[in-house]
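So the sequences go chain by chain: A and B. Heads up: the first sequence begins at 1 in my numbering, then just goes up one per residue. Heads up: the second sequence begins at 426 in my numbering, then just goes up one per residue.
A few of these clues could be false.
What the hints assert, rightly or not - With the C-beta cut set under 10 Å, the calculated list includes, among others, these residues of chain B facing chain A:
id: 1; residue: Arg493
id: 2; residue: Val536
id: 3; residue: Gly538
id: 4; residue: Gly548
id: 5; residue: Ala550
id: 6; residue: Asp573
id: 7; residue: Ile624
id: 8; residue: Leu637
id: 9; residue: Phe661
id: 10; residue: Thr667
id: 11; residue: Ile708
id: 12; residue: Trp711
id: 13; residue: Phe744
id: 14; residue: Ala746
Rather than coming from a laboratory, the hints here were simulated on the basis of the structure. Note that the coordinates shown come from a computational prediction; the quantities given were computed from them, not determined experimentally. Heads up, the beta-carbon is just placed ideally off N, CA and C, and yes, glycines get one too.
There are 2 protein chains.
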Amino acid sequence: MSDEPDRRLSRRGLLGLAGAGAVGLAAGVGGTVAVDRLTGAGAANGAGVRYPFYGRHQSGITTPAQDRLHFAVFDLAENSDADDLKSLLKDWTAAAARMTQGLDVGKHGAVGGSPYAPPEDTGEALGLPPSGLTLTFGFGPSLFTTKDGADRLGLAGRRPPLLQPLPRFSGDALQPQLTGGDLCIQACSDDPQVAVHAIRNLSRIAFGRASLRWSQLGFGRTSSTSTAQSTPRNLFGFKDGTANVKAEEQNAVDTSVWVGAGDGPEWMTGGSYLVARKIRMIIESWDRSQLSEQQNVIGRDKDAGAPLSGGTEFTDPDFTAKDSGGSPLIPKDSHVRLAHPSVNGGVRLLRRGYNFVDGNDELGRLNAGLFFLSFQRSPEQFITVQKSLAGVDALNEYIRHVGSGVFAVPPGAKQGGYIGAGLFG
Amino acid sequence: MSDEPDRRLSRRGLLGLAGAGAVGLAAGVGGTVAVDRLTGAGAANGAGVRYPFYGRHQSGITTPAQDRLHFAVFDLAENSDADDLKSLLKDWTAAAARMTQGLDVGKHGAVGGSPYAPPEDTGEALGLPPSGLTLTFGFGPSLFTTKDGADRLGLAGRRPPLLQPLPRFSGDALQPQLTGGDLCIQACSDDPQVAVHAIRNLSRIAFGRASLRWSQLGFGRTSSTSTAQSTPRNLFGFKDGTANVKAEEQNAVDTSVWVGAGDGPEWMTGGSYLVARKIRMIIESWDRSQLSEQQNVIGRDKDAGAPLSGGTEFTDPDFTAKDSGGSPLIPKDSHVRLAHPSVNGGVRLLRRGYNFVDGNDELGRLNAGLFFLSFQRSPEQFITVQKSLAGVDALNEYIRHVGSGVFAVPPGAKQGGYIGAGLFG
Chain A
1 MSDEPDRRLS
11 RRGLLGLAGA
21 GAVGLAAGVG
31 GTVAVDRLTG
41 AGAANGAGVR
51 YPFYGRHQSG
61 ITTPAQDRLH
71 FAVFDLAENS
81 DADDLKSLLK
91 DWTAAAARMT
101 QGLDVGKHGA
111 VGGSPYAPPE
121 DTGEALGLPP
131 SGLTLTFGFG
141 PSLFTTKDGA
151 DRLGLAGRRP
161 PLLQPLPRFS
171 GDALQPQLTG
181 GDLCIQACSD
191 DPQVAVHAIR
201 NLSRIAFGRA
211 SLRWSQLGFG
221 RTSSTSTAQS
231 TPRNLFGFKD
241 GTANVKAEEQ
251 NAVDTSVWVG
261 AGDGPEWMTG
271 GSYLVARKIR
281 MIIESWDRSQ
291 LSEQQNVIGR
301 DKDAGAPLSG
311 GTEFTDPDFT
321 AKDSGGSPLI
331 PKDSHVRLAH
341 PSVNGGVRLL
351 RRGYNFVDGN
361 DELGRLNAGL
371 FFLSFQRSPE
381 QFITVQKSLA
391 GVDALNEYIR
401 HVGSGVFAVP
411 PGAKQGGYIG
421 AGLFG
Chain B
426 MSDEPDRRLS
436 RRGLLGLAGA
446 GAVGLAAGVG
456 GTVAVDRLTG
466 AGAANGAGVR
476 YPFYGRHQSG
486 ITTPAQDRLH
496 FAVFDLAENS
506 DADDLKSLLK
516 DWTAAAARMT
526 QGLDVGKHGA
536 VGGSPYAPPE
546 DTGEALGLPP
556 SGLTLTFGFG
566 PSLFTTKDGA
576 DRLGLAGRRP
586 PLLQPLPRFS
596 GDALQPQLTG
606 GDLCIQACSD
616 DPQVAVHAIR
626 NLSRIAFGRA
636 SLRWSQLGFG
646 RTSSTSTAQS
656 TPRNLFGFKD
666 GTANVKAEEQ
676 NAVDTSVWVG
686 AGDGPEWMTG
696 GSYLVARKIR
706 MIIESWDRSQ
716 LSEQQNVIGR
726 DKDAGAPLSG
736 GTEFTDPDFT
746 AKDSGGSPLI
756 PKDSHVRLAH
766 PSVNGGVRLL
776 RRGYNFVDGN
786 DELGRLNAGL
796 FFLSFQRSPE
806 QFITVQKSLA
816 GVDALNEYIR
826 HVGSGVFAVP
836 PGAKQGGYIG
846 AGLFG
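The whole structure should be built from the sequences, with the hints applied where relevant.
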């Protein structure tokens, strides 16, 4: 693994260099938002868009949600120690810093070096532009303890107190093979081949040190994380994430997303907590329900996405509004009401979920749903909202939570440093 | 199901109408190539691109390969008769004609009609442009017979003699749940949400009449079907499909792709035969092999895609060229040699495959590979090439064929008619 720029051939050759000027300008600003502004509102689908890897925060959180996802969760090899983890994180950092900039992995890439050695890069992204790739790393609770409570890697003293396995929620139908894990990597890009290439090469670098536990591809973002983005639709056909925390809301981002200096531990300052939930949708039941039922379940109109209390997509829902019969226009068990900050102590999340379809099940039903991802200053924010929804939300008839993970996402790495260095400091 | 244009709200509203002029010009020409020329070389990734549904041939064959795939195979309900099949094909045709033009399914779409009825369209593509969607329908051998050889639907007399289950090839590891099936639909689009929306709505229309047997999402095309397209890379990191039949090669298309007037049966004239193979790649073994091994297995250089006999990507391979030691520069068991028309009696295929990643298996290996799709005038073309490869191809060490299907793809439907009408004529 090398970070030298003098490769015989870069992954994407001259194409990759074309945008370097703009990034150079922005890198010092240290935030992905700065880059977004330079590259304009059309950042999504901009094949040439590249985001800085190094900075105060990791990219891939407030970055305008790209269109495609490959999310991967790894378990460290048995008998690993803290040095093994450190060396893996250093190697992953070096590779991620290259790939996010549109370069191939390693000094020699896919086609350089000795013909008698395996290529350092697997090659399927040769010739593709950076495509807005971000790679975001997180640490699961199991990294800090064993099932027996032992201090697995000698890092228990550095464990964030907030990093605990999520409680069981009413209605959870979690599958062990889709739940938990030591380390996660969220790869987002506007080109799925670029996201897949990144996870594949990071998996390969981890060979013998960490192995894939579960993973998920997503094909359509279900949230906007920038006011410049249009609100997409989930597989229920509804606009999703209208009230999401947006990167441009600096106060909300600071209050709700980034771990603050006093939150502790210190090495997490500037980081965040990631919750991942694989939510299977019972598509066939939903598709047979009435339009009015669908709208009442969500609490929004299907066409424009306006709350049932009226207005447009971005009108605040009025939960006190009633119809002529005295019933609330937005039902009490609707998703929008139960998830709303006003009934959850003001709690907000930054969501970055994706639609998925994993073929079909043995009954011929599409194995489809929402891969929910949210970033928050504390997992308690997600827990508050999910407790409000679980068991009560009218939507529960049409969904099953089948996978779950919670991860401490450290701050960004400094140039010359590596992701998670604070763990060992 | 209705084909009337007077919906309360079209799926994609005015956006959808913007390109109507260009399509109107081309529709009479009856071929997708004509439309491609109107919309220019940048057809892929052109969200506004739309292809005609009606015409002499089905779209989605010589159409420039779109970037995303959702392929679905259905089984007819037990005890179906020919009238059931006919009515399903009529409904599918009406829906496909709408969706490929950027409209939602049904007269009332996702948000019109009675609030006390389920929406006619599932809604997740509301607001999305046509995105080059094509829907291509095919008939499996099982439609014409039962396991016991009985004439299941009373259509045995119309069975194309060439439509037989593929023979077992050396090395086949086919899984029954990924093999065979009565009907297939290939949905290709530059937006995966548009392809998924189409298959979902066609599945829904089939409810109670046909159910999903197997299906596959693909995220990156592995072939060019137009000289205007660049050659993409498969997950082995190599350029794929360099020597593919291209739409612009009119002679090759007529000779190798379309069923001719004398080929029989008459209702297949202007159609084609589709072979689908789900090919799992043993990614981890491949990634640990030497660059020279990889290049010898494929018979091409990994960087530019030139044959190992020299030249550039599009140079014809010289199988007689030898190195100084007298060994062939292109090894005898290389993929390019064994698949080449010169060793297969001149046989060529039009390939339209896609990369896939279906998460990971229980051993932490990426469940990834190539979803091979080829269109040919006769399945014998595929069988010839696959017999040449099976058991001999050096690539076999790194791949497993796990799914398979063969389908008769009827010609395009006439305006006012429906796909497969000739079956019942």
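Hint by hint, here is what the structure shows:
1. Arg493: Holds. Min distance 8 Å.
2. Val536: Since chain A brings a Cβ to about 4 Å from B/Val536, closer than 10 Å, the hint holds.
3. Gly538: 7 Å, holds
4. Gly548: This hint holds: B/Gly548 lies near chain A, its Cβ roughly 2 Å from the closest one there, short of 10 Å.
5. Ala550: At 8 Å from the nearest chain A Cβ, B/Ala550 passes the 10 Å test, so the hint holds.
6. Asp573: 24 Å, violated
7. Ile624: Interface hint status for B/Ile624: holds (8 Å vs cutoff 10 Å).
8. Leu637: 4 Å, holds
9. Phe661: 8 Å, holds
10. Thr667: 14 Å, violated
11. Ile708: 7 Å, holds
12. Trp711: 8 Å, holds
13. Phe744: Result: violated, 21 Å to nearest chain A Cβ.
14. Ala746: Violated, about 18 Å.
Of the numbered hints listed earlier, those contradicted by the structure are 6, 10, 13, 14.
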